[in-house]
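Undergrad: With the hints as extra help, turn the sequences into a complete structure.
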Amino acid sequence: MRGQLRAERDILQRPRGLEEKAVVVASLGGLALFLGVPLAALVERSLAVGDGHGFGAYRALTRPTAALLATPWEAVVNSLVYAAAATALAVVVGGLASFAIARSRGGRSRLLDGLLMLPLGASAVMLGFGFVITFDRTPIDVRAAPWIVPVAQALVAIPFVVRIVVPTLRAIDERQREAAAVLGAPPARVWREVDLPIALRALTVAAGFAFAISLGEFGATVFLARPDRPTLPVAIFRFLSRPGELNAAEADALAVVLMVLTAVSVFLVERIRLRRLGWF
Amino acid sequence: MLEVEHAAVRFAEKAALEDVSLDVGDGEVVAVLGPSGSGKTTLLRVIAGLQRLDAGRVLLQGRDLAAVPPHRRGIGLVFQDHALFHHRDVAGNVAFGLRMQGRSAREIEGRVRELLDLVGLAGFEHRSVATLSGGEQQRVALARALAPEPRVLLLDEPLGSLDRRLRDRLLDDLARLFRHVRVTAVYVTHDQAEAFALGDRVAVMRSGAVVQIGTPDELWAQPADADLARFLGLPALRDGSVVRPEAVRVERADGGPGNGVVDAAVRQGATVRLRLRLDGGDVVDAVVASLAHPAAGERVEVEIDPAGVLKLP
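Listed in order, the protein sequences are those of chains A and B.
Position 95 (the first sequence) corresponds to 95 in this note's numbering; numbering is contiguous.
Every position in the second sequence, counted from 1, becomes a number in this note's numbering once 1000 is added.
One or more hints might be untrue.
Said to hold, decoys possible - Part of the chain A face toward chain B, derived, beta carbon under 10 Å:
| id | residue |
| --- | --- |
| 1 | 44 |
| 2 | 45 |
| 3 | 175 |
| 4 | 197 |
| 5 | 198 |
Since the hints were derived computationally from the structure, they do not count as laboratory data.
For each residue, glycine too, the CB sits at the ideal point set by N, CA and C.
TA: Encoded structure:
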């Protein structure tokens, strides 16, 4: 079928032959070794108390600590709030940009595409550091403003949003729009009936990724988060930069919390992607 | 009802349509027959308003459509590969045009059921279109186009992507449906059998122009030129004239000398088409309805009724 995407289930296939199976086993093994083992070690260490195991480190998360100007638990809440705000921002800006980019393949559209990829190419550390040294005097001294964190995180997430939404929009068959028009839909209605439903599903997936990325964002956030409003990764970093067994244990516990939150958001995205996007 | 007058479309200096005129009466089905690249699809897109005209005009019920955008033309279009809305179920596809007309939910539900009954898909309302077979998708596309009661229905090779058996069955269904709803339609196809089965009249297109318009009988009786005769499946003699198969009588030579030999014998359902090579070198076709027809390689006595020989330009 011309111009239509092949369903994922049509492309997926079981590995055939010894060679293909070896590749699959090797990559899964590599994943288990380099991803699974460290994560498992983190979980184990977060539960270690002396020679035994317990939830002491997790209980400590609700209590004030010398490492932070807030309780670790508040850092979790900060992260969730910042990530939610960053996601909203990334989806709105990235979504609008995607519509503009997908509409044409001309020079201006490619320029916009390239500009939005910049945060990815310039590294988040540069972004955060740049914010700090640029916006440091009135009238744009915004280093202390709480909203600067989600803005930076959104900038990091926008390239991913654009990369997810643009291909989906471009894949819409022009004849679907023509069919809608011939059936009586004026241009704005065509957009609402054909482009928007497909875009919404892509945006939902993009939002999930943006949320997961913002939750774990460290490079830019570490420069911008106020001492009394740390995020999860920043709190982990502060704990680790101080000596002491409890500090290390709380860092491990916070890392596990971050892992679970990220895993849940990615899991939800995958469910939506497979169930509602289907063949995209 | 629908008039196309001197329509011309150029794509990058290449003419896709050249001075095409076509007239479709109220309730008439005109089949547009031609090989791929002959401009059939462009003609449909022009009528639907999806393709701008470089010259000429399209009139619907006497009104010039030049300034009327596609969504206000009240025309139904069945696309070649259906172009169904994949993110909607069957009912959602059929209901689309009705929703655009602002009909009430109850009215829409009733009309969707009526249409699905008509195309033989009763009870398919909530099926996903992705799970349907090619023939079923075709029926949904047809129901979707018919639901808003278009003034003219356009069909672009609707059976093109289906296998032969399914095509024959849908062809019968379509013919019955056209008679039943008495629709004014333009049916584009490259298949002569489809065109003759469905078209009250057939317009033959070649290289962006209409070569001939007439009833199937008229085309068969007097094709406009030798190329068209060949396209219809009539072999031309060496002097350029054409012999229609029904004018050729063939008998077994039965020991006599005969005047030709059977080149090939192909059964086509109830009849057998014989390709005969005459001793003079000419090739003619004959159609016989006998189980005891002469076989390939057999000597035969061929007699040609002069009334069935056409001199063509």
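Undergrad: For every hint, state whether the structure bears it out.
TA: To see whether the hints hold, each was checked on the structure:
With a least beta-carbon distance of about 45 Å to chain B, the hint placing residue 44(A) at the interface is violated under the 10 Å criterion. Because the smallest distance between the Cβ of residue 45(A) and any Cβ of chain B comes to about 47 Å, over 10 Å, the interface hint for this residue is violated. Here the hint on residue 175(A) is kept, as its CB sits about 4 Å from the closest CB of chain B, short of 10 Å. Interface hint at residue 197(A): satisfied, since its Cβ lies 5 Å from the closest Cβ of chain B, which is below the 10 Å cut-off.
Taken as an interface hint, residue 198(A) checks out: its beta carbon lies about 6 Å from the nearest beta carbon of chain B, inside 10 Å.
Of the numbered hints listed earlier, those contradicted by the structure are 1, 2.
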